[in-house]
Amino acid sequence: MNSDEVGVTKMSESDVVNEAEVSPITEEAFEIEQEQRSLEMERRLARRRRFLQRVQQQGLALVLIVVVCIMWVSSPYFMNKYNLLTAASVVSILGIMAVTETLLVISAEIDISIGGVMALVSVIVGLLVGHGLNIWLAAAVGMVAAAGVGAINGIITVFFKINSLVTTLGTFSIATGLAYVLSGTTTVQISGGGFGFLGSGYIFSVPSTVYFFLAIWLVGAYIARYTTLGRHIYATGDNIDAADRSGIRPNKIRMGLFIFNSLAAGFAGLVVTSELVSSAPQIGDPYLLAVVTAVILGGASLTGGRGRLSGTLLAVAILGVVQNGFALLEFSSYLQNLVTGCLLIMAVLVDQFVRRAEQ
Amino acid sequence: MSDNVTPLLEARGITKAYGNVAALTGVNFHLNSGEIVGLVGDNGAGKSTLVKTLCGAHQPTDGQILIDGEEVTFSSPKESRERGIEVVYQDLALANELSVAENIFLGREMKRSGVMGLLGAMDRKAMYASAIETLHSLAIEIKSVETRCGLMSGGQRQAVAVARAIMWGSKVLLLDEPTAALAVVESDKIAGLVTGVKEKGVGVILVSHNLPQVHELCDRVVVLLRGRVVTELHRGEYNIDDMVSWITGTALHKK
Numbered sequence: 001m002n003s004d005e006v007g008v009t010k011m012s013e014s015d016v017v018n019e020a021e022v023s024p025i026t027e028e029a030f031e032i033e034q035e036q037r038s039l040e041m042e043r044r045l046a047r048r049r050r051f052l053q054r055v056q057q058q059g060l061a062l063v064l065i066v067v068v069c070i071m072w073v074s075s076p077y078f079m080n081k082y083n084l085l086t087a088a089s090v091v092s093i094l095g096i097m098a099v100t101e102t103l104l105v106i107s108a109e110i111d112i113s114i115g116g117v118m119a120l121v122s123v124i125v126g127l128l129v130g131h132g133l134n135i136w137l138a139a140a141v142g143m144v145a146a147a148g149v150g151a152i153n154g155i156i157t158v159f160f161k162i163n164s165l166v167t168t169l170g171t172f173s174i175a176t177g178l179a180y181v182l183s184g185t186t187t188v189q190i191s192g193g194g195f196g197f198l199g200s201g202y203i204f205s206v207p208s209t210v211y212f213f214l215a216i217w218l219v220g221a222y223i224a225r226y227t228t229l230g231r232h233i234y235a236t237g238d239n240i241d242a243a244d245r246s247g248i249r250p251n252k253i254r255m256g257l258f259i260f261n262s263l264a265a266g267f268a269g270l271v272v273t274s275e276l277v278s279s280a281p282q283i284g285d286p287y288l289l290a291v292v293t294a295v296i297l298g299g300a301s302l303t304g305g306r307g308r309l310s311g312t313l314l315a316v317a318i319l320g321v322v323q324n325g326f327a328l329l330e331f332s333s334y335l336q337n338l339v340t341g342c343l344l345i346m347a348v349l350v351d352q353f354v355r356r357a358e359q
Numbered sequence: 001m002s003d004n005v006t007p008l009l010e011a012r013g014i015t016k017a018y019g020n021v022a023a024l025t026g027v028n029f030h031l032n033s034g035e036i037v038g039l040v041g042d043n044g045a046g047k048s049t050l051v052k053t054l055c056g057a058h059q060p061t062d063g064q065i066l067i068d069g070e071e072v073t074f075s076s077p078k079e080s081r082e083r084g085i086e087v088v089y090q091d092l093a094l095a096n097e098l099s100v101a102e103n104i105f106l107g108r109e110m111k112r113s114g115v116m117g118l119l120g121a122m123d124r125k126a127m128y129a130s131a132i133e134t135l136h137s138l139a140i141e142i143k144s145v146e147t148r149c150g151l152m153s154g155g156q157r158q159a160v161a162v163a164r165a166i167m168w169g170s171k172v173l174l175l176d177e178p179t180a181a182l183a184v185v186e187s188d189k190i191a192g193l194v195t196g197v198k199e200k201g202v203g204v205i206l207v208s209h210n211l212p213q214v215h216e217l218c219d220r221v222v223v224l225l226r227g228r229v230v231t232e233l234h235r236g237e238y239n240i241d242d243m244v245s246w247i248t249g250t251a252l253h254k255k
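Keeping their order, the protein sequence lines are chains R and G.
Counted from 1, the first sequence has number 170 at position 170 by our numbering; the numbering is strictly sequential.
Counted from 1, the second sequence has number 157 at position 157 by our numbering; the numbering is strictly sequential.
Hints were generated in silico from the structure; no laboratory data involved.
Fair warning: this is a prediction, and the values are worked out from it, not measured in the lab.
Glycine residues also receive a C-beta, built at the ideal position from the N, C-alpha and C atoms.
Careful, some of the hints might be misleading.
A few chain R positions that, by computed beta-carbon distances, are all more than 12 angstroms from chain G [stated by the list, open to error]:
id, residue
1, 81
2, 165
3, 240
4, 331
Reference listing, derived: stretches of chain G covered by chain R, where coverage requires no fewer than 3 residues with Cβ under 8 angstroms from a Cβ of chain R [to be verified]:
id, stretch
5, 93 to 101
6, 118 to 126
Turn these sequences into a full structure, and let the hints guide you.
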């Protein structure tokens with residue numbers, strides 16, 4: 001009787017002890033297992049993310065190599081020093097604008113008025129030179145006008161909080177319209193005063209436009225990669241409230257970017273005017289879509305905060321090869337549009353996949 | 001916590017009216033260094049209005065705000081930040097595409113010395129080192145300060161936001177619903193972080209709906225009801241049910 005009782009108490013005691021010992025261990029084991037599982041998942045996601053990022057970054061280089069190879073095989077005239085320099089010179093005009101446009105897109109804005117600004121600047125120069133003004137002074141007036149359009153873009157977008165796509169669509173229309181009205185749709189001959197150097201000069205047998213593009217690109221890439229201003233541009237596009245609360249002035253930054261982008265378009269307008277030796281209101285037409293394509297193809301995201309100038313450089317090079325190659329092969333320019341359109345959509349899709357992998 | 005000590009932050013008779021509606025009426029509030037004060041109340045009790053008034057986002061209709069016993073007026077959150085009041089908002093105000101270190105230094109980047117500095121170049125190495133040191137001193141575990149914030153969990157991001165506030169020498173840390181969007185484990189980590197911050201002598205105001213956490217963390221709890229301070233509860237002198245009855249106002253009728 002007694003021994004039974006003792007046995008019972010002993011049993012229950014050992015049970016209690018067991019429970020006290022076992023439950024924390026299993027709980028711990030459970031926690032560890034869960035942690036390991038989530039770590040494993042995290043690692044897998046990270047691997048996927050890295051892969052997609054690599055596709056995004058190195059995919060462009062791959063596309064460039066592929067198009068170069070295709071053109072090399074298809075046309076005997078492609079891999080030729082003079083042809084390549086011509087191609088570079090043509091695409092550099094687009095590149096000049098793509099640099100500032102990339103920075104603007106990183107700040108979550110866009111400017112599609114650039115074609116209009118090019119036309120306006122060209123026509124203003126033509127008009128003033130026609131009235132006997134010195135060509136460089138006329139060019140300076142044109143650049144002031146370009147800065148003015150940029151300032152208007154900035155003021156309307158930043159201070160009246162209008163979507164920049166709408167703002168710049170409006171100013172594009174206004175600038176183009178103004179260019180046609182001022183010129184009376186005629187072209188004016190422009191030459192002399194060394195102005196020709198802008199569009200068709202050579203230094204060490206490399207076209208001047210290539211130097212302009214590379215210089216602007218280097219400055220842009222340096223700002224984006226190494227400077228505090230660069231951080232502030234990214235932060236503005238990424239989270240404008242955060243930027244504002246950190247004491248950055250996102251409005252000032254966006255304002256400045258609009259003005260610089262317009263100045264780049266104005267400069268491109270001068271270069272094209274110099275190249276054609278005449279001013280005309282339709283010179284900006286082919287550039288608008290090409291510039292935006294280069295920026296997006298280069299990986300800059302329209303939602304802001306994302307983009308690299310190395311990507312823009314590669315995208316400009318790709319567009320240059322495609323343009324040049326299609327001209328050499330005597331393909332229709334419509335087919336060229338088709339190909340750049342496909343590239344653009346592919347670039348946007350890859351960007352989407354990267355984003356989804358990050359969520 | 002003796003009454004002779006000049007409080008870090010004090011609000012006297014704060015009234016805030018929107019037209020005829022009074023959001024706050026004669027609110028007195030103070031915060032000492034190294035103290036965690038909870039601010040609780042039902043929705044619409046005036047918590048967020050008080051927070052916004054203290055950090056300068058709103059200007060009080062009447063009343064004074066004092067920092068270290070000196071009267072101040074803030075016309076914007078920027079001015080309050082200059083005086084050492086840092087708010088960590090619910091949305092954290094982090095740039096997701098930038099790294100941890102870049103976020104901590106956002107707007108206050110270190111420049112390189114010499115010509116490169118004049119050209120606007122950042123001193124990344126120094127920034128990273130300094131960010132690591134700060135995170136370390138707060139016992140925040142983050143694999144790398146080069147990680148983009150967008151890739152981190154809610155709790156880690158919260159920790160980065162708090163670290164940023166602490167790094168810039170704020171004396172008063174205002175946490176607006178810090179754990180509302182967090183998993184339980186992460187929420188516990190934030191609790192640990194807040195305690196660490198307190199030990200550095202920083203005063204913490206914790207606005208939260210998480211009453212058990214407020215009960216556990218706060219030295220003092222100020223309860224707001226319809227724009228007035230109805231009571232102050234001190235650590236160890238109340239339980240969560242008491243707090244609830246003050247928040248809902250039933251404690252008033254019992255008396």
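Hint check results:
no.	hint	verdict
1	81	35 angstroms, holds
2	165	21 angstroms, holds
3	240	9 angstroms, violated
4	331	39 angstroms, holds
5	93 to 101	holds (count 6)
6	118 to 126	holds (count 4)
Comparing the model with each numbered hint stated earlier shows that hint 3 is the single one that does not hold.
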